[in-house]
Amino acid sequence: MDLIWDGIREALRILGTGDYSLWEITLRSLFISGSAVAISLLIGTALGSVLAFNEFPGRNLAFAVVNTGMGLPPVVVGLLVAIMLWRSGPLGQLNLIYTPLAMIAAQTIIAAPIVTGFTAAALRSLSPRLRSQLYALGASRLQMLWLILWEAKLPLLAAVMAGFGAAVSEIGASIMVGGNLAGETRVLTTAVVLEVSRGEFAPAIALSIVLLALIFAVNLILTTVQQQEQRS
Amino acid sequence: MAAAGCGGGKEIILATTTSTQDSGLLDELLPAFKQESGYKVKVIAVGSGEALAMADRGDADAVLAHAPSSEEELVDKGSVVNRQLVMHNDFVILGPADDPAGIKGVDSATEALTAIADKGSPFVSRGDDSGTDKLEKSLWKKAGLDPEGEGWYEQSGQGMGATLQIANQRGAYTISDRGTYLAQSENLDLEVLVEGDPVLLNVYHVMQVNPERFGRVNAEGGQAFVEFMVSEETQEIIRNFGVEEFGQPLFIPDAGKSESELGLD
Numbered sequence: 001m002d003l004i005w006d007g008i009r010e011a012l013r014i015l016g017t018g019d020y021s022l023w024e025i026t027l028r029s030l031f032i033s034g035s036a037v038a039i040s041l042l043i044g045t046a047l048g049s050v051l052a053f054n055e056f057p058g059r060n061l062a063f064a065v066v067n068t069g070m071g072l073p074p075v076v077v078g079l080l081v082a083i084m085l086w087r088s089g090p091l092g093q094l095n096l097i098y099t100p101l102a103m104i105a106a107q108t109i110i111a112a113p114i115v116t117g118f119t120a121a122a123l124r125s126l127s128p129r130l131r132s133q134l135y136a137l138g139a140s141r142l143q144m145l146w147l148i149l150w151e152a153k154l155p156l157l158a159a160v161m162a163g164f165g166a167a168v169s170e171i172g173a174s175i176m177v178g179g180n181l182a183g184e185t186r187v188l189t190t191a192v193v194l195e196v197s198r199g200e201f202a203p204a205i206a207l208s209i210v211l212l213a214l215i216f217a218v219n220l221i222l223t224t225v226q227q228q229e230q231r232s
Numbered sequence: 001m002a003a004a005g006c007g008g009g010k011e012i013i014l015a016t017t018t019s020t021q022d023s024g025l026l027d028e029l030l031p032a033f034k035q036e037s038g039y040k041v042k043v044i045a046v047g048s049g050e051a052l053a054m055a056d057r058g059d060a061d062a063v064l065a066h067a068p069s070s071e072e073e074l075v076d077k078g079s080v081v082n083r084q085l086v087m088h089n090d091f092v093i094l095g096p097a098d099d100p101a102g103i104k105g106v107d108s109a110t111e112a113l114t115a116i117a118d119k120g121s122p123f124v125s126r127g128d129d130s131g132t133d134k135l136e137k138s139l140w141k142k143a144g145l146d147p148e149g150e151g152w153y154e155q156s157g158q159g160m161g162a163t164l165q166i167a168n169q170r171g172a173y174t175i176s177d178r179g180t181y182l183a184q185s186e187n188l189d190l191e192v193l194v195e196g197d198p199v200l201l202n203v204y205h206v207m208q209v210n211p212e213r214f215g216r217v218n219a220e221g222g223q224a225f226v227e228f229m230v231s232e233e234t235q236e237i238i239r240n241f242g243v244e245e246f247g248q249p250l251f252i253p254d255a256g257k258s259e260s261e262l263g264l265d
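So the sequences go chain by chain: A and B.
The opening position of the first sequence corresponds to residue 1 in this note's numbering, with each subsequent residue numbered one higher.
The opening position of the second sequence corresponds to residue 1 in this note's numbering, with each subsequent residue numbered one higher.
Hints in this document: simulated from the structure, not taken from any laboratory.
Each residue gets a CB set at the ideal place from its N, CA and C atoms; glycine is no exception.
Certain hints may be false.
According to the in silico footprint, chain B covers these stretches of chain A (three or more CB under 8 Å from chain B) [stated by the list, open to error]:
| hint | stretch |
| --- | --- |
| 1 | 80-94 |
| 2 | 196-207 |
Some but not every residue of chain A turned toward chain B, in silico, with C-beta under 7 Å [claimed, not checked]:
| hint | residue |
| --- | --- |
| 3 | Tyr98 |
| 4 | Gly179 |
| 5 | Leu181 |
Given only the sequences and the hints, what does the whole structure look like? Please build it.
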């Protein structure tokens, strides 16, 4: 029990002082996972609207592929990205292995199918009449897409939440392609693993509290926006 | 922050064992290296097995490892060059204070392992092909035993720090380098039961990945790191590392000594 109480007390102290580069690591987590989700949103809305609005052969297969992608094991993604980016790998000359960019790439591969799946489902559930109405009003294709996405903004927010949650709490891929380098690619999850393996439980607890708070804060903001939208 | 790590800059990749990172030694040494040479070191702390595999693929510039016989294989293959003795400490056999197999104070490591096997007392192995794992496997072999698959023998597949925690939670025996054990001892109930057998010597070498074999290897940076590790100033830092916190050094510097002086053949 001492371990728990001492750990929590020490963790609170660290939260106060920001020791162990706590805030720097938090910002890096936000930056890397935020970038991955932003890219995923671009990919997801493009792919999701293609999937939702077009009839084409193999559409069901495409949905199945996206759904599989929603459950991609991060460690498998990590291994694939690492093999590509190692110096000895096919993209080795880019010198991207063990950089934040490599982590953004891996987290994008993890988050993009989630965002795509959510987006496609949301757009599919919109009334089909909406499209014909917009069409009748003489909207161009691009205008139409924009209006439909605007109509679906709440489910899209849910897509962002789910994608960010998956990216920021992911560890297998981050440690493999990022290398957990202090001051460069160490993020909240990989820092927790390192501190535990060093037997330093207090900073591990402090980092975990921040990670939970971060996920909670992002969800709180998005939920608040959703509810205000629904009221108005 | 966005640009961190993306620029060219002077940097090298060091593949090393978890013990040099978990003990905190690298945190002490790398800032000095950066100041002296201008090189930023990207430390990839993995088991010695993986570290040497990285070197064998040309995915690192320098290696700091403690698996002498596997390192020699890479030297013979031409994957690494300029291999030099840096420091040593020793391995210890740890276990719960009540010591169910009764190995406390036994002189011979293989005798102690035999007693653990006879009793079927729980033992946690790294099982990750690291330097420590290779040493442990060689000890079982010397004892004429094959514990793999036995119910009392478990493999954590993780680094030394995590494996110590598992052994601690399970009240199991394990083998650790002394440095990692000392660095974590305040969180552990495990005790040192067997030590001092020459077969438990834990020897670290530094080496650079052969730039003539792999085009992308940073020859200058790798060489600078090897020279830094065996330099007098660095050896002095190693000599004093941990003394203040643990009352004894975690590593004994050995640069310039021969392997036979250490009792290795």
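Verification of the supplied hints:
| no. | hint | in the structure |
| --- | --- | --- |
| 1 | 80-94 | holds (count 5) |
| 2 | 196-207 | holds (count 5) |
| 3 | Tyr98 | holds, 5 Å |
| 4 | Gly179 | holds, 5 Å |
| 5 | Leu181 | holds, 5 Å |
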